[in-house]
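Participant: Which chain is which? The protein sequence lines are A and B, in order. Residue 54 in my numbering sits at position 42 of the first sequence, with consecutive numbering throughout. Residue 472 in my numbering sits at position 147 of the second sequence, with consecutive numbering throughout.
Don't read these hints as lab results, they were simulated from the structure. Any given hint could be a false lead.
30 Å max Cα-Cα, derived DSBU-like pairs, lysine-lysine [what the hints assert, rightly or not]:
1. B:Lys497 with A:Lys58
2. B:Lys413 with B:Lys379
3. A:Lys58 with B:Lys379
Interface residues of chain B toward chain A, partial, derived using beta-carbon atoms under 10 Å [as the list claims (entries may be wrong)]:
4. Tyr356
5. Gly357
6. Arg364
7. Glu373
8. Leu450
9. Leu453
10. Leu469
11. Met489
12. Leu503
All C-beta atoms, glycine included, are put in the ideal place defined by N, C-alpha and C.
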Amino acid sequence: MKKHDQRLHAYLDGELSARERTAFEDQMARDPDLQEELSELQALSKRFGAVPPPETIPAEPVWQHVQRELRVSTGAPPRPVWKWAWAPAAAAAMLWAMMWIQPFSSSSLPPSVIVEQVEVQADAAVPLVYTDQESGWTVVWLSTPTTQEEHAPL
Amino acid sequence: MQHETEWVQRAQAGDQEAFGELVRLHHDRIYGLLMRLTRNPDMAQELEQQTWIKAWRNLPRFRGDSSFSTWVYTIATRNAQDHHRRLKRRGEVEYLEGVDQLPSGSATAQPDRALMHRETGGRILEALDRLGEKHRTVMVLRELEGLSYEEIARVLKCRVGTVMSRLHHARKQIRLQLEGAEA
């Protein structure tokens, strides 16, 4: 796109500063081709005025639909997902560290505790038990499902 | 405007009624924009509903760098662009269906002039329909919605120079199409 084309469109759309506008008008006064080009663009722009406005619909049904959707999800705008994104990564890192970092030599020690049953008070919490035979470490991990709203993609 | 700022703040704090006021305030413009971009009343309504749901979910991210209406325009425009891309992938781009659905206007007062006016509007819409999605969007935002270059650049997340370049190309294409149709 040529420089004068850019300015021609910007002039047509009222996007030039007062100084640029004056300079462009001076240039145009000396250039009949530019004048013709401008008048064709102005005619085109005017034709857009013939495009009928779109028919409208009432706002209320739209809002009611949106409101129903919002009630299904949550009462308040959700917090950004990234606030919770670290949690699974942190849990995995902790588990990995507990498996691989052995603070004392325990390869010969048998597990001192055998977890047979985990009783959980919290609703919907799922206990996960991991026993490392070599180190004797037992990790009990309580997994509580987070709410859909907190993790809903934006 | 003062009300709008208050409603935005209240909505960000979780007040759905305040958000409802924002929906009512901007509904006509957002629906109108989506009608112009999709030319399909049902799709425009569906996309508008999606726009408001996304706006609610993203409200914590709105910091007032642009006006609320420009921000919602951005979401609506992207919704329409995504919709267009989905249609294109499925080979279902069908904007031209809406051309003969123009309102009858004031045909009784000056039938010839009104008819010419309708025909002109119809030709412009047809020409717009034949543009690619990017050029069509920029023309709708500029010529029909009256947004400035800066606002269009914000909505489309591109540079002002890109807006100017697309406008230039789109106008050239439309002029060629109209010349061809009227020759």
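Participant: Hints first: check each against the structure and report whether it holds.
Facilitator: Comparing the hints with the structure gives:
no.: 1; hint: B:Lys497 with A:Lys58; result: 15 Å, holds
no.: 2; hint: B:Lys413 with B:Lys379; result: 23 Å, holds
no.: 3; hint: A:Lys58 with B:Lys379; result: 35 Å, violated
no.: 4; hint: Tyr356; result: 6 Å, holds
no.: 5; hint: Gly357; result: 5 Å, holds
no.: 6; hint: Arg364; result: 9 Å, holds
no.: 7; hint: Glu373; result: 6 Å, holds
no.: 8; hint: Leu450; result: 6 Å, holds
no.: 9; hint: Leu453; result: 8 Å, holds
no.: 10; hint: Leu469; result: 6 Å, holds
no.: 11; hint: Met489; result: 6 Å, holds
no.: 12; hint: Leu503; result: 8 Å, holds
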